[in-house]
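**Q** Going down the list, the protein sequences come from chains A and B. Oh and the first sequence: position 187 is 187 in our numbering, straight run, nothing missing. Our numbering runs 1000 ahead of the 1-based position in the second sequence.
Wrong hints could be hidden among the right ones.
[What the hints assert, rightly or not] Some but not every residue of chain A turned toward chain B, in silico, with C-beta under 10 Å:
{"#": "1", "residue": "E73"}
{"#": "2", "residue": "L77"}
{"#": "3", "residue": "G80"}
{"#": "4", "residue": "V84"}
{"#": "5", "residue": "V155"}
{"#": "6", "residue": "R170"}
{"#": "7", "residue": "G183"}
{"#": "8", "residue": "W229"}
{"#": "9", "residue": "A237"}
{"#": "10", "residue": "S438"}
{"#": "11", "residue": "V452"}
{"#": "12", "residue": "L454"}
{"#": "13", "residue": "W457"}
Since the hints were made in silico from the structure, they are not lab data. Positions of the beta carbon are idealized from the N, C-alpha and C atoms, including for glycine.
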Amino acid sequence: MNALSPSTHLLLVIAAPLIGAIVAWLFRSWGLAAVRQSAANTAIVTLVLAGWLVVRFLSDPAAMAGEPYGLVEFPWLVGGIFDVKLSLGLDGLSIWMFALSALLSITAVFVSWDAIRDRPAGFYVLLLVLEAAMLGVFAARDVILFYVFFEFTLVPLFFLIGIWGHDERRKAAVKFFIYTLAGSVLTFLGLLAIILWNASHTGTVTFDIAALTAAMKAHPMPMDAGGGWLQLIVFLALLAGFAVKVPIVPLHTWLPLAHVEAPTGGSVDLAGVLLKIGIYGFLRFSLPMLPEASALAAPWLFGLGVVGIIYGALVALVQTDLKRLIAYSSVSHMGYIVMGLFALTPVATEGANLQLINHGLSSAGLFALVGMIYERFHTRNIASLGGIASRAPWLTVFFMLFTFSSIGLPGLNGFVGEFMILAGSFQRAWSGVAPSFSFAYLLMAVTAVVGVVLGAWYMLWAVERAFFGPSREPPRSGHDGHDGHGHADRCDLKWHELVALAPLAVFVLWIGLTPATFLRPAAPAIRAATQASADAFAARMRDATPTAQPIARTAQLP
Amino acid sequence: MIPLAALTTLPTSLESFSLVAPEIALVVAALVAFLGGAFLGLRSGWVIALLGIAAAWALAGGQPADAATITSGGVRVDGFSTFIRWLVLGLGALLALVQSGDLFATAVSRGPGIRRGGTCEEAGTFLLLLAGLSLVGVAGDLVLLFVGLELVSIPTYILLALKRIDAHGQEASLKYFFLSLVSSSLFLYAAVCLYGIGGSTDLQSIAARLQSTDAKIAGMATVLLPAALGMAMVGAAFRLAAVPMHFYAPDVYEGTSPGNAALLSTLPKVAGVVVLARLLGLAIAPDTTAAAQVGPAAQASLDLLWKLAVVIAAVTMTVGNVMALWQRNLRRLLGCSSIAHAGYLLVGVAVAAAAGATQAGQPLGDTTALDTGWTMVLGGMTSSLFYLATYALATIGIFGAVAYLGHRWPEWTAGSGPRPPREEIATVDDLDGLASTNPVAAFAIAAFLLSLAGIPPLPGFWGKLSLAASALQVDWNAAISLDSRRGWFVGLAVVLVLNAAIAAAYYLRIISAMYFKTTKRGVQADGGIAAGLAMLACLVLVAAVTVQPRRLFMAASRAGDAVSGTLPVAVADARPTIPGR
């Protein structure tokens, strides 16, 4: 059992999709069936390996206490000023996102089973390369390696959207790429600045994230006019890339277009994992390395999170396209996560981290289901759909499940995360801020609760219109050139669609019922990552609190 | 101080000739190629060229290791010249393949347009160009430097005029000719000014003079040195295709063959970087020794020079990228992109100039806040040379692919009249649907474009990483403010990375045409197997640098370090040692 060292095991998990991609490419002349079968095998093998690694991680006391697990290190560009290493490892911060990446690849492969018939080899190769990059970004322990994976995820998704997307695919692919790149190049400069700062203060060049975190604690960047507000500048540089990735309103405009145009498999990975890299970046870099700047920015980002919640919900409410509606619901839900993260209380940040997984599961499931609906009815227009429930009961069951998860029905995973975020935010608003901030924080927290109601409204309303009521046919005209094939017949889930959805549903229930299982491994790492920022925030609030006024003598009666 | 008289009368000995044996081999091969046309047949030209490059390669391998610095009779062989020589020979071999198209084809003139195949004259001229460029690298004397530069320029005019016989071709070669003359004369003026200061054409003697504290010399240098460096900068700007001498690039590239465009977008840039590096080397004192004082005049003019370089770099990359956004013609687009890359290259030059302007005895960046005594040094020249190599590989690869693809058929359905003639691949639209008609070429072009865009982990990313890192480390511990040197370089780094995002827009347009569009037009792929080989070789090299950037980076690092060692002061060992080097 333990013949496989954790390091080799981790390396194997990341290499498996790459090897599978090569195999799928070699099978390309064998036709669709061979290619997709080999891709599916790869995704399953990767998931089994990753699942096994997670189990080993969970049974390792040191890893559970916050130690990194499965360290791998090879030199890459070492020499001169550079010390770039191929350095991998998992810790509590990354373990669940790592597992989620492997899980969602199953969904991505199996929802594409029938949908992708054009050049399947290219599609599955890119999907598997994307999986490897997603696994890599969470396992990277070297700054440049993180950035390499962070950027490289754009390339396969660019091709996935551009080749296999819908009508506006070329515009969507380019916009997605440029928008994200423009943000992340600034992140790149910010990361370089952190490396140089460390080098000039400790005398050694290192690109190791853990070492840099420790060094930034020992030698914080200046956060005053004398030091040129360096910490704030670097924070803003990092923010540029992470905020686009999340996306934080108002930098979200690439997202609905990319989602609507992307093939279902691409949407699943984009919503499920890629958006989370932004939040992960905050947790990995901004909060632990730049605490004072994070504390200064926290109220603003908290507020932007709330704006995102309400804005995303209101825009989702008026959508006519089901996929676009879910895309905007992502904007809204990512708003919760941003809000929870920058509430900077333990409950809220742990909730935000859990909500990353929750949203990954529910939005990936919903996007997968919308893809299935599109395959059946060739439309995503809510007004053209109706009565799906009578024709595809199991599809409806899954859609309801993920909808309830998304709107936070107690007993399902979404409730736990949302509740923790809101509870933590109220805790912050009541007892954790200076009196002058108190009202604003309370207002924002209450507004976020209103967002929960809006979320239930737009999701349930859409479900009601599309799934219930009289069975409706999409109009024949404008129905991409196929003659009537009996939409009214039963058209329930096929086996591969069940395989795509069932694992997600299992985790939706599992996290909902025993959240502690998932919270516990991450808690020490989250605590460690946010502690410095939380302390800095508390210090700011203390400074903003007026000291108790001595009772004025003149007010006393003579 | 070394007596000046001793330096000015360096004997030209047999040793000097042995040091330039590779260049001599190239010239001999050129002569063989010129004559070979008469005896061996026209087909032999490019084969002779490749053999000549191989011979030069073998001779270069027998040269002293790059740590040593040997000067003899105007020739200076050091880590820098060795790097340049390997670069020139390597790029030369790739370019010869692209230029020949099909190695064994004879020249076929099909009326107006690009002539296919090659002649012995073309191959010989090309070899002379390589010899000239390699000589520029080893020149330790202004006269040799100038001769080398002319040996680059004159064959370029001939190649431009030979390859395309139509109005566009004539326009291109004339435009290049006149601007090149302006650039050469600017360099000559700069050389005259330097001679005026140094009383010698030998670079070492001039450098020694610049450190002099003699009031008369310093006074003269104060007037002449800024003029010399400024004119050299503008002259180099032409070769780099940088603002303000950039506007010829799109026109000339459009009016010539893909092979010539590949040549123009790489080899003159090498020459430009070498000239700037050698002239900067005059004034750059090695950092940490009190013995090596930057003369006050050199100090002032370097201050001027880094500001100039920062401004030119920022403007050049922005102008090039923004111009490229609107181009439809493929070669024009890549011409604009090569302007942008000239801007990136100048970032390193600016950093090197700023480093030179730092007071002697004080390492790059204010070290007062350091409690460890560790000095950060990523030489600007190192990043520029590293970037140059990564850029050249990708660019030659793209033009090699375009040359290899050659022509494509217009849309035509059987029975609708006679089949129209083939069309040369000229616009981005001509690459529509290439992923389905020629997947290997499409993949290669996409990889080269993503590398140029700086997408990790491709070579262009490593290049931009070192450029950005070297710009950020200038005056590292000073506060960022608009009027400080640090502020300038942080601003430059921001402009650099934002330009990378702008550039991605037009690179992606090409990829989008190849992969996201469909076409009914077939690709001929008639440009010749040798061009295809060049494309594949570039692809392999790009993959190699992606996986193992270290070798190339360390070679560039040694070359960059050698630049600041131009001074005849034995301080090479006193440079700060960096852990891990």
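**Q** Have a go at the G80(A) hint: is there a Cβ in chain B nearer than 10 Å to its own Cβ?
**A** At about 5 Å, which falls below the 10 Å cut-off, the nearest Cβ of chain B leaves the hint on G80(A) intact, so it holds.
**Q** Take the shortest C-beta to C-beta distance between A237(A) and chain B; is it under 10 Å?
**A** holds, 9 Å
**Q** With chain B as the partner, please determine if L77(A) meets the hint condition of a C-beta pair closer than 10 Å.
**A** The hint holds - L77(A) has a Cβ within 10 Å of chain B, the shortest such distance being about 5 Å.
**Q** Next item in the hint list is L454(A). Is there a CB on chain B closer than 10 Å to its CB?
**A** violated, 35 Å
**Q** Using Cβ atoms only, decide whether E73(A) comes closer than 10 Å to chain B, and label the hint accordingly.
**A** violated, 14 Å
**Q** Let's test the interface hint: is any C-beta of chain B closer than 10 Å to that of S438(A)?
**A** Violated. Min distance 35 Å.
**Q** Classify the hint on G183(A) as holds or violated, based on whether any CB of chain B lies nearer than 10 Å to its CB.
**A** holds, 8 Å
**Q** At a threshold of 10 Å, is the proposed contact between V452(A) and chain B supported by beta-carbon distances?
**A** Hint on V452(A): violated, closest Cβ of chain B at ~37 Å, above 10 Å.
**Q** Would the hint on V84(A) stand, with a C-beta cut-off of 10 Å toward chain B?
**A** holds, 8 Å
**Q** If you take the shortest Cβ to Cβ gap from W457(A) to chain B, is it below 10 Å?
**A** For W457(A), the interface hint is violated, since the closest Cβ of chain B sits about 38 Å away, which is over 10 Å.
**Q** Grab the minimum C-beta distance from R170(A) to chain B and call the hint holds if it beats 10 Å, violated otherwise.
**A** holds, 5 Å
**Q** Is the interface hint satisfied for V155(A)? The criterion is a beta-carbon contact with chain B at less than 10 Å.
**A** Holds: closest Cβ of chain B sits about 6 Å from V155(A), inside 10 Å.
Checked against the numbered hints above, the structure breaks hints 1, 10, 11, 12, 13 and satisfies the rest.
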